[in-house]
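Enquirer: Produce the entire structure from the sequences given, and follow the hints as far as they go.
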Amino acid sequence: MASFSDLLSQVKRSIREVSVDETKAQVLGAPSSDARPLLVDIRERDEYEQGFIPRAEWIPRGFLEMKIEDLVPERGREVILYCAGGNRSALAARSLAELGYTRVSSMAGGFRAWKQAGHAFERPRSLTAEQVKRYSRHIMLPEVGEVGQGKLLDAKVLCLGAGGLGSPSALYLAAAGVGTIGMVDDDLVDESNLQRQILHNMERLGMPKVESARMTLQALNPDVKVIAHQTRLTSENILEILAGYDLVVDGADNFPTRYLLNDAALKLGKPVVHASIFRFEGQITTFLSNSEVGTEAGDHGPCYRCLYPDPPPPGMAPSCQEAGVLGVLPGIIGTLQANEALKLILGAGQSLSGRLMVFDALGAKFRSLKLRKDPECRVCHKRPEDIELIDYEAFCSLAQ
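Start counting at 1 in the sequence shown, then tack on 16, and there's your number in the working numbering.
Check each hint, because a few of them may be wrong.
Okay, derived cross-link-like pairs now, DSBU-like style, lysine-lysine, Cα gap no bigger than 35 angstroms in a straight line [claimed, not checked]:
(1) Lys83 <-> Lys398
(2) Lys172 <-> Lys28
(3) Lys381 <-> Lys83
(4) Lys40 <-> Lys131
(5) Lys386 <-> Lys398
(6) Lys172 <-> Lys381
Restraint-style ranges between C-beta atoms, simulated for each label pair [unchecked claim]:
(7) Ala136 <-> Gly363: 15 to 23 angstroms
(8) Pro400 <-> Asp202: 39 to 47 angstroms
(9) Ala136 <-> Glu85: 29 to 37 angstroms
(10) Thr250 <-> Glu85: 50 to 58 angstroms
(11) Phe20 <-> Gly67: 26 to 34 angstroms
(12) Ala364 <-> Tyr324: 23 to 31 angstroms
(13) Ser19 <-> Gly365: 40 to 48 angstroms
(14) Ser251 <-> Gly67: 39 to 47 angstroms
(15) Gly365 <-> Gly340: 47 to 55 angstroms
(16) Ser142 <-> Glu85: 25 to 33 angstroms
(17) Tyr408 <-> Gly222: 25 to 33 angstroms
It is worth saying that the hints were derived from the structure and are not from the lab.
No experiment lies behind these values; they were computed from the predicted model shown.
For each residue, glycine too, the CB sits at the ideal point set by N, CA and C.
Expert: Here's what the structure looks like:
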């Protein structure tokens with residue numbers, strides 16, 4: 017009868033093993049995610065918490081066969097598995113080969129050999145027992161997991177506006193566990209807001225919206241730190257406010273603020289998830305110009321000025337206050353903004369950079385329009401230090 021040692025030797029002869037140096041070169045040296053193999057850590061939780069290789073996905077060995085298809089649906093994708101010493105990953109590689117994966121390797125020597133070679137490793141953010149329970153449905157997703165949830169808890173998102181768009185986006189960001197949410201708004205809660213601005217209620221009429229938002233968000237999730245900026249963005253304060261955040265969810269209700277935000281975000285390299293609503297139509301896109309978040313280096317899309325080079329003349333753009341808006345519309349668009357922000361934080365999926373999604377509420381139809389960088393854009397082709405901030409005349413002042 018064959019011993020375990022005999023079985024392991026047979027398995028290792030039947031699979032491909034790669035060294036830690038080969039793994040480092042292929043995984044950490046690749047210029048883009050498409051060019052590198054997928055590295056999968058199959059150790060148990062207590063081992064994983066001691067450190068992991070950068071860019072590695074974590075699936076404990078006991079769940080590998082059940083979860084690998086969610087993480088790697090393409091059987092021809094190159095995958096490198098590693099464990100503590102290289103034995104479990106060898107057995108796992110043979111198991112994945114039996115499932116039809118054709119390019120699976122085991123890292124010889126495992127994580128122990130990686131550390132002995134002096135290669136860098138990271139330690140996962142430690143979640144409390146309460147957080148593991150609260151975010152359990154996130155942690156189940158291979159695209160999120162505990163590492164991704166840690167990214168969300170460490171993230172800082174600025175929500176521009178605590179109104180129709182800011183309400184649903186901030187609520188879902190808080191529910192998802194985004195650790196710091198800033199709210200910028202200088203308005204007070206009015207009864208006409210309550211048809212769509214679900215952060216607020218009748219008991220808070222006359223209260224600053226940012227304070228009402230803070231109360232709602234922290235009641236929903238005590239993990240979240242809410243920073244209230246009861247002010248209107250100007251050229252004098254915008255750089256200081258934006259500097260403390262990773263990205264901006266733009267629910268601004270006027271053109272001057274949108275243009276000012278675009279120019280300041282380009283200057284600081286901050287991504288902006290932009291949206292607007294009017295009557296029965298909503299629009300959403302993501303601007304990643306000059307940003308290192310959510311895109312490979314050099315793959316920057318258009319900016320707001322590429323889409324709308326100049327603000328419209330006064331009176332040419334009627335406000336929601338003048339034309340109205342269907343109450344549920346900002347809920348749909350604002351939730352899509354939260355979705356975009358979460359993807360950027362997690363580095364998962366494809367952003368809306370270079371695309372404008374348009375939603376028709378009456379027809380229940382989505383359209384996706386291509387956006388391209390304007391080669392003559394007078395802002396996003398400048399060096400950040402050369403971008404000047406301008407306070408534009410208030411073309412419209414409505415409360416979405």
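Enquirer: Evaluate each hint against the coordinates.
Expert: Hint-by-hint comparison with the structure:
Between the alpha carbons of Lys83 and Lys398 the distance comes to roughly 46 angstroms, so the proposed pair goes past 35 angstroms and is violated. A threshold of 35 angstroms between alpha carbons decides the hint, and for Lys172 with Lys28 the separation of about 46 angstroms lies outside it, so the pair is violated. Between Lys381 and Lys83 the CA atoms are separated by roughly 34 angstroms; this keeps the pair inside 35 angstroms, and the hint holds. At roughly 12 angstroms between alpha-carbon atoms, Lys40 and Lys131 fall within 35 angstroms of each other, so this suggested pair holds.
The suggested pairing of Lys386 with Lys398 holds, with an alpha-carbon distance near 23 angstroms, which does not exceed 35 angstroms. This hinted pair checks out: Lys172 and Lys381 have alpha carbons roughly 32 angstroms apart, not beyond 35 angstroms. At roughly 19 angstroms, the beta-carbon separation of Ala136 and Gly363 lies within the given 15 to 23 angstroms, and the hint holds. In this structure the hint that Pro400 and Asp202 lie 39 to 47 angstroms apart at CB is violated, the actual value being about 27 angstroms.
Separation of Ala136 from Glu85 is about 30 angstroms and conforms to the stated range, judged on CB atoms against 29 to 37 angstroms. In this structure, Thr250 and Glu85 meet the distance hint of 50 to 58 angstroms, their C-beta atoms being roughly 51 angstroms apart. Distance hint check: the CB atoms of Phe20 and Gly67 are about 27 angstroms apart, consistent with the given range 26 to 34 angstroms. Taken as a hint, the range 23 to 31 angstroms holds for the pair Ala364 and Tyr324, whose Cβ atoms sit roughly 29 angstroms apart.
Hint check: Ser19 to Gly365, Cβ distance near 46 angstroms, so the stated range 40 to 48 angstroms holds. A beta carbon spacing of about 45 angstroms between Ser251 and Gly67 agrees with the range 39 to 47 angstroms that was offered as a hint. At roughly 34 angstroms, the beta-carbon separation of Gly365 and Gly340 lies outside the given 47 to 55 angstroms, and the hint is violated. Separation of Ser142 from Glu85 is about 29 angstroms and conforms to the stated range, judged on CB atoms against 25 to 33 angstroms.
The given range of 25 to 33 angstroms is respected by Tyr408 and Gly222, whose C-beta atoms sit roughly 29 angstroms from each other.
In this structure, the earlier hints numbered 1, 2, 8 and 15 are contradicted, and the remaining ones agree with it.
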